[in-house]
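Protein sequence lines correspond, in order, to chains A and B. FYI, in the numbering used here the residues of the first sequence are 1 to 604. FYI, in the numbering used here the residues of the second sequence are 1 to 80.
Since the hints were made in silico from the structure, they are not lab data. These numbers come from a predicted model, not from an experiment. Glycine residues also receive a C-beta, built at the ideal position from the N, C-alpha and C atoms. Check before you lean on any hint, since a few could be wrong.
A partial selection of chain B residues facing chain A, derived with a Cβ cut-off under 10 Å [unchecked claim]:
1) N27
2) K38
3) I46
4) K49
5) I64
6) Q68
7) K74
In the BS3-like style, the derived pairs of lysine-lysine whose C-alpha atoms are separated by at most 25 Å in a straight line are [to be verified]:
8) B:K49 / A:K525
9) B:K26 / B:K59
10) A:K532 / B:K21
11) A:K74 / A:K269
12) A:K441 / A:K458
13) A:K543 / A:K480
14) A:K425 / A:K532
15) B:K21 / A:K525
16) B:K52 / B:K39
17) A:K532 / B:K59
18) B:K45 / A:K509
19) B:K44 / A:K602
20) B:K41 / B:K26
21) A:K456 / B:K24
22) A:K54 / A:K386
23) A:K525 / B:K70
24) B:K34 / A:K505
25) A:K469 / A:K395
26) B:K49 / A:K156
27) A:K67 / B:K39
28) A:K480 / B:K49
29) A:K532 / B:K33
30) B:K52 / B:K41
31) B:K74 / A:K505
32) B:K41 / A:K505
33) A:K429 / A:K487
34) B:K21 / A:K509
35) B:K21 / A:K602
36) B:K70 / A:K532
37) B:K52 / A:K602
38) A:K548 / A:K476
39) B:K26 / A:K570
40) B:K50 / A:K67
Here is what each chain is made of, one letter per residue.
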Amino acid sequence: MSDNVFYTKLITPIIIILLFVALVFLGFYPNISMILGGIALFLIGMEYMESGFKTFSGGMLEQVLEKFTNTTPKAITTGFISTAIVQSSSLISVIVISFLTAELITLASAIGIIFGSNIGTTATAWLVSMFGLKIKISAYAMPMIVMGIIIPIFLKDKSWKGIASILIGLGVIFLGIGYMKEGFETLKEGMNLASYAMDGYLGIFVYVLVGAVATVVIQSSSATMAIIITALATGQIEYANALALAIGANLGTTVTAVIGSLKSNENGKRLAVAHFIFNMITGFIAIAFIYQLTDLVDYLSKIVGIGVENYAMKLALFHTIFNVVGVVVVSPFIKYLVSFLNKLFIPKTIEVGQAKYLDDSVLEMPDVAISAITKEIKHLFNNAFKIIVHGINIKKGNLNSDMPLENVIQDSYSTEYINIDKFYKYKIKGIYGQIIDFSTKAQINMSPENVEQLYKLKLACRDIVEAVKDTKHLQKNLKKYSNSPNKYIKEQYNQLKIDLAELLKDINKLSEITEQEEIILVLSKAKIHAQKYDMIANGQLDKLIREKLITNEMATSLMNDSTYAYDIGKNLIEMAEVVFVGNDIVHDILVDDEDINTFLNKEK
Amino acid sequence: MGIKKFIKDVQDMFNLELSKKESKKKNLKELVKKLEIKKFKLEKKINSKKYKNARDILKEDYEIIILQIKKATKILKKID
Chain A
1 MSDNVFYTKL ITPIIIILLF VALVFLGFYP NISMILGGIA LFLIGMEYME
51 SGFKTFSGGM LEQVLEKFTN TTPKAITTGF ISTAIVQSSS LISVIVISFL
101 TAELITLASA IGIIFGSNIG TTATAWLVSM FGLKIKISAY AMPMIVMGII
151 IPIFLKDKSW KGIASILIGL GVIFLGIGYM KEGFETLKEG MNLASYAMDG
201 YLGIFVYVLV GAVATVVIQS SSATMAIIIT ALATGQIEYA NALALAIGAN
251 LGTTVTAVIG SLKSNENGKR LAVAHFIFNM ITGFIAIAFI YQLTDLVDYL
301 SKIVGIGVEN YAMKLALFHT IFNVVGVVVV SPFIKYLVSF LNKLFIPKTI
351 EVGQAKYLDD SVLEMPDVAI SAITKEIKHL FNNAFKIIVH GINIKKGNLN
401 SDMPLENVIQ DSYSTEYINI DKFYKYKIKG IYGQIIDFST KAQINMSPEN
451 VEQLYKLKLA CRDIVEAVKD TKHLQKNLKK YSNSPNKYIK EQYNQLKIDL
501 AELLKDINKL SEITEQEEII LVLSKAKIHA QKYDMIANGQ LDKLIREKLI
551 TNEMATSLMN DSTYAYDIGK NLIEMAEVVF VGNDIVHDIL VDDEDINTFL
601 NKEK
Chain B
1 MGIKKFIKDV QDMFNLELSK KESKKKNLKE LVKKLEIKKF KLEKKINSKK
51 YKNARDILKE DYEIIILQIK KATKILKKID
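Whenever a hint applies, use it, and build me the whole structure from the sequences.
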């Protein structure tokens, strides 16, 4: 179970409990009821914003997180910007965990994103302190909600639906803040929470604890920050205590992450521990240097034009500063953190014939699921490649070297037949089955475009399996006639072996190259050669039969085996077109049958 | 400002309706450029004594690249 599922499962009962308690308090303490209702609305608004951004971005967020995270500064910046925009660190963590599981990003990048995400969450405090407290509900929040309801009626596009959800979310958040503010203001008339203010380090520790506990209970540091800021703005708490509460909220959020990770996979646990260590160090620095940081906030406030008495914005600035300080202090040690976490959570050893990249945590994200399946098919191909290469009795090392193919086929892998059925069961069948099972589950959350892509991937899997099965049929005669005393049949089988070896070498090369023009060249060449060699083989066969240079038995064997070899090539090329060529543009200009015929006729 | 213009402005701002045709054209142009560079490199190799033994293979590669450039240019013309 992913963190997000855990979070979603918890947040709904929390909202229901808050609303229920608000209802109970309505008769006796309407102000407390208003505050609780405000918190519930805030949480509902956050949920709307999160789902809105998911719909609006339509996989764009995942693409950004995958592409712009190859260095630590990039990962931190991407984590910061994306969290500040989507206003949900839990959504970012879920995406990051799924990327890690599918091996789309490294653990160091993932940690960088999480660090950046911590700075990004401070945007909520800015949003609340800059706009939330000033916005008139009737003037902005309600029109936002109304717009959010009206937009999907007229604009059916998915992106517009996302924007509508974001508008509803923002409106409901502001509505919640409005109720919280009103609740604190009326509460002040009967009870002054500021009278419980505590000075010195005792006050700091007590309020850090209160902030942490509140965040663990509400399961959202953003909601805690909203409460702190509104309480501070209405004078219900003192500025110094609010700073300690903000530190506490940061610490409390790690407890949520750690609890959420208990049922998660190793990657989820690694990230939760990284988050925990980061927040503990940041919290410690913030507590130890709280007075110096307060002075820094005052100094910077003057520069950026924040009023001396605008404590809400000063708190937002403090929140950002101590998180930035944390990132600056901890990020140089990411390398050590990675090696520590890899030692702490050792991944389960994956058996040879088992899937490596298919984890249920990526099922909810169609694009990531497609990437995971593609990686798994490459894994399946690697296993199949070894079987096919050994099946035609050549050494993999020789094939991948610069050795001429004429020499590669002479250096046999084994003097015995290899049991392809056994290797198929051991290295192929399990992975193939897991891919099909995973694809069926992933399909539920997919768009028609994704389903179409998935269908092609499933066909690519079948192509690999067919190529292995054809190798099984080919193996026997290949071995028998490669050493035949009849020099004509021996020549034909050796040529068949060379042609297949060349094709296998090219397809394997495709799994390693990334340049589009190289991919086009290698794949087009493979397609032309497959056709060319088949034509030559057929021509040769006719000649050998006509001139009675081979027996009838040899002729039928050669005829069948040429077909098997051609099919292996055809299947592997078709697989490569789907798995190794991701770009539609490349597909469009790859040679087709007509081009191949033109090309071969020209050669003649 | 009409609602259609407003929607177009918002779409442009968020890059929501990035024209498929335009992006395909842009990507194809980039690819043709890369293929032209490859063609040029192959041409140089074919004419170099250093690659005398691999001339046939290089010539085949060269022919394939020419074919790909022709195909890409044809698609580009169609888009225009």
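Within a Cα-Cα threshold of 25 Å, do K41 of chain B and K26 of chain B meet the stated pairing? Roughly 23 Å separates the two Cα atoms, so the pair holds.
Does K480 of chain A lie within 25 Å of K543 of chain A when you go C-alpha to C-alpha? 22 Å, holds
Under 10 Å, Cβ to Cβ, is where I64 of chain B needs to be relative to chain A, so tell me if that hint holds or is violated. This hint holds: I64 of chain B lies near chain A, its Cβ roughly 5 Å from the closest one there, short of 10 Å.
Mind checking the alpha carbons of K70 of chain B and K532 of chain A for me, to see if they're no more than 25 Å apart? 22 Å, holds
So if I understand the rule, the pair passes when the alpha-carbon distance is 25 Å or less; does K441 of chain A with K458 of chain A pass? 13 Å, holds
Quickly compare the C-alpha distance for K74 of chain A and K269 of chain A to 25 Å and report which way the hint goes. This hinted pair holds, its Cα atoms lying about 23 Å apart.
Does K39 of chain B sit within 25 Å of K52 of chain B, going by the straight-line distance between their CA atoms? 17 Å, holds
For the pair supplied as a hint, K21 of chain B and K525 of chain A, confirm whether the alpha-carbon distance does not exceed 25 Å. Violated, at about 28 Å.
Would the hint linking K41 of chain B and K505 of chain A be met if the CA-CA limit is 25 Å? The hint holds at about 23 Å.
Are the Cα atoms of K469 of chain A and K395 of chain A separated by 25 Å or less? Roughly 19 Å between the alpha carbons, so the hint for K469 of chain A and K395 of chain A holds.
Under the criterion that the straight-line Cα-Cα distance not exceed 25 Å, is the pair K45 of chain B, K509 of chain A satisfied? With a Cα-Cα distance of about 21 Å, the restraint between K45 of chain B and K509 of chain A holds, given a limit of 25 Å.
Hey, K44 of chain B versus K602 of chain A, does the alpha-carbon distance stay inside 25 Å? Given that 25 Å is the threshold and the Cα spacing comes to 23 Å, the pair holds.
When each numbered hint is compared with the structure, violations occur for hints 3, 4, 9, 10, 14, 15, 22, 26, 27, 28, 29, 31, 33, 34, 35, 39 and 40.
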